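A.B. asks: Fit chain B to the known structure of chain A by using the hints.
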Amino acid sequence: MPRFVVDVMPKPEILDPQGKAVLGALPRLGFGGVTEVRQGKRFELDIEGEDGDELLARVHAMAETLLSNPVIEDFEVHVEGTDA
Amino acid sequence: MRVGVVTFPGSLDDVDAARAARIAGHEAVALWHGDHDLRGVDAVVLPGGFSYGDYLRCGAISRFAPVMTEVVSAARGGLPVLGICNGFQILCESHLLPGALIRNDHRKFVCRDQRLRVENPRTAWTSAYDQGAEITVVLKNGEGAYVADEDTLDRLEGEGRVVVRYLDGNPNGSQRDIAGITNEAGNVVGLMPHPEHAVEDLCGPGTDGLGFFTSLLAGRVGAS
Chain A
1 MPRFVVDVMP KPEILDPQGK AVLGALPRLG FGGVTEVRQG KRFELDIEGE
51 DGDELLARVH AMAETLLSNP VIEDFEVHVE GTDA
Chain B
1 MRVGVVTFPG SLDDVDAARA ARIAGHEAVA LWHGDHDLRG VDAVVLPGGF
51 SYGDYLRCGA ISRFAPVMTE VVSAARGGLP VLGICNGFQI LCESHLLPGA
101 LIRNDHRKFV CRDQRLRVEN PRTAWTSAYD QGAEITVVLK NGEGAYVADE
151 DTLDRLEGEG RVVVRYLDGN PNGSQRDIAG ITNEAGNVVG LMPHPEHAVE
201 DLCGPGTDGL GFFTSLLAGR VGAS
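As you go down the protein sequences, you meet chains A and B in turn. Heads up, the final residue of the first sequence is numbered 84 in my numbering, and it's a clean run with no missing numbers. Heads up, the final residue of the second sequence is numbered 224 in my numbering, and it's a clean run with no missing numbers.
Just chain B, same shape as in the assembly:
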């Protein structure tokens, strides 16, 4: 599949995300924040970083980048979109996902290997995992506390839209230990931890993150 990776001014993890897509067998396509088209890609990754310097709020300016008009429209039409860290913040600011990410409750930047439980393996980005699979990937953020009102949280839980949950202690104050969520259709997924940093044994905590990228292939097989 052709996987587009958007680079915003201030993106950091676009190269790693493209590399992860290639390792999973995809063709990585570079997309620029100023682009007005998605170059016919089959999926889009919004990578981590500090787009537009995190000015105003994390993701608040990026949401209005020209490429995001295309991403939002395509996502509503079913295009698989994965937002990692800053990408998750952008998806929330874009209202493709509910809730918001605020500063970690302990006010410190977190950078560590993080255990997660896959709560929903039915999304476009998690179908390679088993229900309840426990994985370890990198977590690195300063504003990663997921918040939403109680009704939204209850709806997310009730509809199985919590995709991954933190294990071994809550690293940032996220409500209900939520590390990642999906939209109703399951094509849009956002998470704070970084699966793209856990795709090779050489560096990072292993290859547990690769499933997010191989899931795309599984989804296509299932659909055809």
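Here chain A stands alone, though its shape is the one from the complex:
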């Protein structure tokens, strides 16, 4: 059963207050040199069936419909264990 990973990130032009809060906390803990933090979400989906274009298309549809809001977020899909 293939595991699909969907990474959802706020679009670059959208303010990310959570990322900014993390960015502010890091130097207070002694972690210097961090210039930017963006916080997103990672989904792992185990799906019945054979890994292939059809399943990939279905995961894309899930990501577009529910897992991300295309107005404010971008997403990337990959099968676990692969780079793309």
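Derived from the structure by calculation, the hints contain no laboratory data. Please note: incorrect hints may appear among the correct ones.
Stated by the list, open to error - Covered stretches of chain B, going by a simulated chain A footprint (3 or more residues, C-beta under 8 Å):
no. : segment
1   : 104-112
2   : 156-168
Unchecked claim - Below, in silico cross-link-like pairs of lysine to aspartate or glutamate (EDC-like), each with a Cα-Cα straight-line distance of 16 Å or less:
no. : chain 1 : residue 1 : chain 2 : residue 2
3   : A       : K41       : A       : E73
4   : A       : K11       : B       : E150
5   : A       : K41       : B       : D54
6   : A       : K11       : B       : D54
7   : A       : K41       : A       : D74
8   : A       : K20       : A       : E36
9   : B       : K140      : B       : D105
10  : A       : K11       : A       : E36
11  : A       : K20       : B       : D151
What the hints assert, rightly or not - Rough simulated footprint, nothing fancy, chain A against chain B, three-plus residues with beta-carbon under 8 Å:
no. : segment
12  : 91-101
13  : 139-148
For clarity, every value in this text was computed on a predicted model and none was experimentally measured. Where is the CB? At the ideal position from N, CA and C, for every residue including glycine.
C.D. replies: Leaving out everything else, chain B in the frame of chain A:
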């Protein structure tokens, strides 16, 4: 008029919204998120709260509740729909309204009396106000920053679809101080502030919010 108020798991302000509808002279009809019909109501309010725990994104799960299929379809047919706070987030997630609501830029929850200017008194929910009327209602949200791309913002401004705008400082980082918007037809309105909490002198900052609910009557008179 019969005004339906939808209760989702996690809705908070459904009772206040129903009460506001009654004070404005309407019959309030309780609608449940699992309903597949709207019980013949003449208008629908999506109330504030944290429907489905705000899981995933605010409004993202509610959008797919059975009752929302009916609301979206009826709204496209002209049914007046008002989304307040979480209801506004649901309307954006449903694509009945453009843009999205993200976390307040200062990262803190806001709860205060908020002055607003009514920029568009031609919607189904604002016809009781004068153009430019300044009103004070409650604002309470953690994810109330309205965002959209520049083209969308320009179109909203150009078409007069910004319904209410924040005065006395931007409370949450909303682009162009936008507190509420409408669709092209003017029957769907979403706003972050809570007019249903400002309908009686006994509690809240006054009765400035009542106009959102009395506007429905005015709209019907105008249409008949």
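A.B. asks: If a hint holds in the structure, say so; if it doesn't, say that too.
C.D. replies: Now the hints, each set against the structure:
With 4 residues having a beta carbon nearer than 8 Å to a beta carbon of chain A, the segment 104-112 of chain B meets the requirement of three or more and the stated coverage holds. Beta-carbon proximity to chain A at under 8 Å applies to 0 residues in the segment 156-168 of chain B; the threshold of 3 is not reached and the given coverage is violated. Between the alpha carbons of A:K41 and A:E73 the distance comes to roughly 10 Å, so the proposed pair stays at or under 16 Å and holds. Using a Cα cut-off of 16 Å, the hinted pair A:K11 and B:E150 holds, with the two alpha carbons roughly 14 Å apart.
A hinted pair counts as satisfied when its Cα atoms are at most 16 Å apart, and A:K41 with B:D54 qualifies at roughly 15 Å. Between A:K11 and B:D54 the CA atoms are separated by roughly 20 Å; this puts the pair beyond 16 Å, and the hint is violated. Between the alpha carbons of A:K41 and A:D74 the distance comes to roughly 11 Å, so the proposed pair stays at or under 16 Å and holds. Using a Cα cut-off of 16 Å, the hinted pair A:K20 and A:E36 holds, with the two alpha carbons roughly 8 Å apart.
Our distance criterion of 16 Å between C-alpha atoms is met by B:K140 and B:D105, whose separation comes to about 14 Å. For the given pair, A:K11 sits about 14 Å from A:E36 by alpha-carbon distance, which is consistent with the 16 Å threshold. Distance restraint check for A:K20 and B:D151: the Cα-Cα separation of roughly 26 Å exceeds the 16 Å cut-off, and the hinted pair is therefore not satisfied. With a threshold of 8 Å between beta carbons, the proposed coverage of the segment 91-101 of chain B by chain A holds, since 5 of its residues qualify and at least three are required.
Taking a C-beta to C-beta cut-off of 8 Å, the segment 139-148 of chain B contributes 3 residues in contact with chain A, enough for the three needed, and the coverage statement holds.
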